[in-house]
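**Student:** Residues per chain are reported as follows:
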Amino acid sequence: MIEWFHPGFVYLFGAFLVPLLKGKVKQAYVLLLPAIAFVILLLISKGVFGEGPFWQFSFMGYELTLGRIDPLSMVFAYIFVIASFCMFLYAIHIKEDWQHVAALLYIGSTLGVVFAGDLITLFFFWEIMAWASLFIVWYGKTKAASGAGFRYIMVHSFGGVCLLAGILIHLHNGGSIAFDSFTWGIGSEYLGVYLIFLAFIINAAVPPLGAWLADAYPEASVTGAVFLTAFTTKSAIYVLIRGFPGVEILIWLGAIMALYGVVFAVLENDIRRLLAYHIISQVGYMVAGVGMGVFGMAAGNMAINGATAHAFCHILYKAVLFMGMGAVIEVTGRRKLTELGGIYKYMPITFWLYMIGAFSISGFPLFNGFISKTMVVQASAMWGYASIWLMLELASVGTFLHTGLKLPWGVWFARDTPVCEAREPPWNMLAAMGIAAFLCTLLGVYPAILYNMLPYTVHYEPYAPGHVIAMSQLLVFTFIAFWLLRDKLHGTPTITLDTDWFYRIPGKKVIKFCEGPLMATAKYMDNRLMGMAVFFRGIPPKSQTVVETRIDNAFHERVPALLNFQNIYNKIKEDKVREISYNVIYILIAMILLLIFVLFGVVTKL
Amino acid sequence: MKITMRVLFVLLYISIFATILAGILAILFLHLHPHFWWENIPVFSAVYGFVGCVFIIVASKALGHHWLQKEEDYYEKR
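Protein chains in written order, with my numbering: chain X, 1 to 606; chain Y, 1 to 78.
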């Protein structure tokens, strides 16, 4: 009997060897890690290790489970590992080791979330996921990436705190540490559950809490953005399926979300931001699916299967799409629709691979989006939710319009003469796109491969004539409308306001207020208080200033120096990343201490 | 380029004709299991796709033009 090994730890531990390796060995190594994880998953599926759960530890009176194995966790683990292989192949040529390290930690912690059987383990990996992905954003190495990274981690720290507070309140109210579906209801006794729910939907980018996604993802590097597309939002779908299946509000949030992404995609000029809005739109289908996933009903099972299958397919085609647009940015250095056009003749292979992703996301029959998206739509029909059905179908129209028509039209055609020179991207980028595009097509043609992995038995015939005909009509007539209105769809050199406005503009005002009037008031108070202290205690003024200077130094220089993220970012930019590891270690120590404090608090309280 | 465009348009006309015809034939001869009344209209998806697409473009553009779209240095200026 072989001891079980956590596939996530292959990435987490594997990450630290990357900086020690060089050249071709390093390239082979980052591809080897997903391969090892994949073999472990296969062995788990074959039952070599037994049934599970695995890696259970008793920790301060709590039973922690790092390895919960069931069909749901396995299907998500499979797609995360498969996608990570393609993504590393796409990124294999980059020189910055620490970008690989961040990606490995990000993927490893996502697998940690997927296999977590209890809430404390979940929180632990949840936080690593947020911080590792922050570094991927920062590796965009621009001023915009710096700002977007700060806003990204601000939102995710808020989500993390909500999760932690929610878990503590949930435990305090007598809830179980086990991570299963929560009892949902109305009342103050559900406060903990609400907070956990809030943390989950922040990561799923549900509006109005989802602006971080379209803000941060397009600012990452060409390769980094591809990693970001898959893990945070889809692991959020996983935890929602685990924790909140059949919570009705998710149906409405999901349907609104599907359309929200579409509307913003019309207005967007940045090619990867347009795709990022379509992540929000597509995740909307999954969120709606989770909301319809009531246990033990045919329509509920269909909805959960649909959400899971759509997450699986979405990761593949979204990777192709981001890889395609990344390739355009890589070879042209341009990222705006207004600055692109007419370059088809330079990069036809990239174009056609991209189009496979575009056909998939649009739900063309024979591509994987068709076999998964229609399951969620079918579930809404089985439930009889007419308005949800209509909203989801409308979102399908918008998806094809932007990802399948407007974006490739604007980037590769639209002008008679090319705007600039271009060429095909390096072989590894094409190969990665090729593999992912092949998988999109394979699943579209043989849906049974995916259906056999889903949590419930599937009774769904995607290629029933009714589905195929309806979808074909929808797509053909969307194309006609696009063709007639294509002149209205040129990009405009603008940005689009999203809900991040609420922390970008008033946030700046708050900082200005703090730096200005608040500081002046504080200084004035400080002086008066010190004056009073001098008066009452008779301290000679000189020693008083010495004490004050020291305290000031401690708070204004030393503490910020330890926690100065701007500094960390600057060092990344200057490639002095090794120095950062010290700061990262400080942060890790602080986080571990915090965790221990929290656990002590929990234990002594109960 | 001209020839490819012509081929594409021929394909488009064929697919318009084929999808509409298939929709009508399916309603007449196949036992579909519609969940909503409009699924019995043979060209519903075609109409919905066309109208929906126009609606999305017009409505989003209006939203953007009057409210959401700003100049590129909007955040830097404030």
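Hints in this document: simulated from the structure, not taken from any laboratory.
Keep in mind it's a predicted model, so treat the numbers as computed, not measured.
For each residue, glycine too, the CB sits at the ideal point set by N, CA and C.
Any given hint could be a false lead.
[Said to hold, decoys possible] Label pairs and their in silico Cβ distance ranges:
#1 Y/H33 <-> X/F59: 46 to 56 Å
#2 X/S181 <-> Y/F29: 43 to 53 Å
#3 Y/E71 <-> X/D180: 34 to 44 Å
#4 X/T441 <-> Y/P34: 51 to 61 Å
#5 X/L593 <-> Y/E71: 19 to 29 Å
#6 X/S176 <-> Y/E71: 46 to 56 Å
[Claimed, not checked] Straight line, CA to CA, 16 Å or less: simulated EDC-like cross-link-like pairs of lysine to aspartate or glutamate:
#7 X/K336 <-> Y/E39
#8 X/K46 <-> X/D70
#9 X/K345 <-> X/E248
#10 X/K508 <-> Y/E39
#11 X/K345 <-> X/E421
#12 X/K141 <-> X/E330
#13 X/K143 <-> Y/D73
#14 X/K95 <-> X/D416
#15 X/K143 <-> Y/E76
#16 X/K141 <-> X/E51
#17 X/K141 <-> X/D97
#18 X/K345 <-> X/E461
#19 X/K26 <-> X/D70
#20 X/K512 <-> Y/E72
#21 X/K24 <-> X/D70
#22 X/K141 <-> X/D70
#23 X/K46 <-> X/E96
#24 X/K509 <-> Y/E76
#25 Y/K61 <-> X/D487
#26 X/K22 <-> X/E96
#27 X/K523 <-> X/D552
#28 X/K22 <-> X/D70
#29 X/K336 <-> Y/E72
#30 X/K336 <-> Y/E71
#31 X/K24 <-> X/D97
#32 X/K143 <-> Y/E72
[To be verified] Interface residues of chain Y toward chain X, partial, derived using beta-carbon atoms under 8 Å:
#33 H35
#34 I41
#35 V43
#36 F50
#37 A62
#38 L63
**Student:** Would the pair X/K24 and X/D97 pass a check requiring their Cα atoms to be no farther apart than 16 Å?
**Tutor:** Roughly 13 Å between the alpha carbons, so the hint for X/K24 and X/D97 holds.
**Student:** When you check the alpha-carbon spacing of X/K46 and X/E96, does it fall within 16 Å?
**Tutor:** violated, 37 Å
**Student:** Take a quick look at whether X/K141 and X/D97 sit within 16 Å of each other, Cα to Cα.
**Tutor:** Given that 16 Å is the threshold and the Cα spacing comes to 15 Å, the pair holds.
**Student:** For a C-alpha distance cap of 16 Å, please report whether X/K345 and X/E461 respect it.
**Tutor:** This hinted pair is violated, its Cα atoms lying about 39 Å apart.
**Student:** Taken at face value, is the distance from the CA of Y/E39 to the CA of X/K336 at most 16 Å?
**Tutor:** violated, 40 Å
**Student:** With the threshold set at 16 Å, check whether the alpha-carbon distance from X/K143 to Y/E76 stays at or below it.
**Tutor:** Holds - the C-alpha atoms of Y/E76 and X/K143 are around 11 Å apart, at most 16 Å.
**Student:** Does Y/E72 lie within 16 Å of X/K512 when you go C-alpha to C-alpha?
**Tutor:** violated, 22 Å
**Student:** Hint Y/L63 vs chain X: min CB-CB distance below 8 Å?
**Tutor:** Result: holds, 6 Å to nearest chain X Cβ.
**Student:** Holds or violated: Y/A62 as interface residue toward chain X, Cβ cutoff 8 Å?
**Tutor:** violated, 10 Å
**Student:** Is X/K336 close enough to Y/E72, meaning Cα to Cα at most 16 Å?
**Tutor:** The hint holds at about 11 Å.
**Student:** Need the status of pair X/K24, X/D70: alpha-carbon distance at most 16 Å?
**Tutor:** Answer violated: X/K24 to X/D70 is near 37 Å, above 16 Å.
**Student:** Between the beta carbons of X/T441 and Y/P34, is the distance compatible with 51 to 61 Å?
**Tutor:** violated, 30 Å
Taken one by one, the earlier hints fail for this structure at numbers 3, 4, 5, 7, 9, 10, 14, 16, 18, 19, 20, 21, 22, 23, 28, 34 and 37, listed in ascending order.
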